[in-house]
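A.B. asks: Sequence:
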Amino acid sequence: MTLELRMLALSIVLGLVQIVLASHSASLQRGYMWTASSRDEAVTPLTGMAGRFHRALQNFIETFPLFAAAVLMAHVAGKHTWMTEWGTQLYLWARVVYLALYAAGIFLLRSLVWTIATLGIVLVLLSLI
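If you count by the numbering used here, then the sequence shown holds residues 1 to 129, one letter each, in order.
Bear in mind the hints are in silico, worked out from the structure with no lab data behind them. These numbers come from a predicted model, not from an experiment. Heads up, the beta-carbon is just placed ideally off N, CA and C, and yes, glycines get one too. Some hints here could point you the wrong way.
[Stated by the list, open to error] Taking CB as the label site, the calculated pair distances span:
| hint | residue 1 | residue 2 | range |
| --- | --- | --- | --- |
| 1 | 40 | 86 | 44 to 50 angstroms |
| 2 | 108 | 77 | 33 to 39 angstroms |
| 3 | 19 | 81 | 39 to 45 angstroms |
| 4 | 80 | 106 | 30 to 36 angstroms |
| 5 | 81 | 40 | 28 to 34 angstroms |
| 6 | 129 | 106 | 31 to 37 angstroms |
| 7 | 126 | 1 | 20 to 26 angstroms |
| 8 | 41 | 126 | 21 to 27 angstroms |
| 9 | 20 | 73 | 16 to 22 angstroms |
| 10 | 5 | 37 | 36 to 42 angstroms |
| 11 | 107 | 72 | 28 to 34 angstroms |
Let the hints inform the model, and build the full structure from the sequences given.
C.D. replies: Right, here's the structure in full:
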């Protein structure tokens with residue numbers, strides 16, 4: 001397995017971790033009866049860390065498909081360069097740091113780290129040119 005595919009697999013693990021963190025923190029805030037319910041009724045927005053975990057997950061869900069598509073395109077095209085290696089590593093590790101910063105409520109640095117993760121996707125795409 002190439003480094004790029006390992007980074008993709010680890011990004012999937014990161015996504016699963018974020019799902020667990022977001023769902024359990026929401027359950028702690030709203031109660032496990034709410035979690036087990038059909039959730040038909042309107043609820044107030046999540047606050048504090050539960051809200052931050054939820055928003056971080058939503059952001060991951062927005063960027064991950066683009067990352068996965070870029071990695072798979074590079075793999076199918078046989079591209080394995082410094083750009084794909086750096087790009088995939090930048091994406092994964094920046095997303096890990098992004099999650100920690102978001103959970104801690106650190107806003108400005110978090111945006112910079114988001115930009116680094118996005119740069120990782122761009123590097124993988126540039127390797128296709």
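A.B. asks: Now look at each hint and say whether the structure bears it out.
C.D. replies: Hint check results:
Remark: the range hint 44 to 50 angstroms for residue 40 to residue 86 is upheld by a beta-carbon distance near 47 angstroms. Separation of residue 108 from residue 77 is about 37 angstroms and conforms to the stated range, judged on CB atoms against 33 to 39 angstroms. Between residue 19 and residue 81 the beta carbon distance is about 32 angstroms. The supplied range of 39 to 45 angstroms is therefore violated. Evaluation of the 30 to 36 angstroms hint for residue 80 and residue 106 yields a pass: the beta carbon distance comes to about 35 angstroms.
Separation of residue 81 from residue 40 is about 50 angstroms and departs from the stated range, judged on CB atoms against 28 to 34 angstroms. Between residue 129 and residue 106 the C-beta distance comes to about 35 angstroms, which sits within the given range of 31 to 37 angstroms. At about 23 angstroms, the CB distance of residue 126 to residue 1 agrees with the hint of 20 to 26 angstroms. A beta carbon spacing of about 47 angstroms between residue 41 and residue 126 contradicts the range 21 to 27 angstroms that was offered as a hint.
A beta carbon spacing of about 29 angstroms between residue 20 and residue 73 contradicts the range 16 to 22 angstroms that was offered as a hint. Between residue 5 and residue 37, the C-beta spacing of about 39 angstroms keeps the proposed range 36 to 42 angstroms intact. For the pair residue 107 and residue 72, the beta carbons lie near 33 angstroms from each other, so the given range of 28 to 34 angstroms is met.
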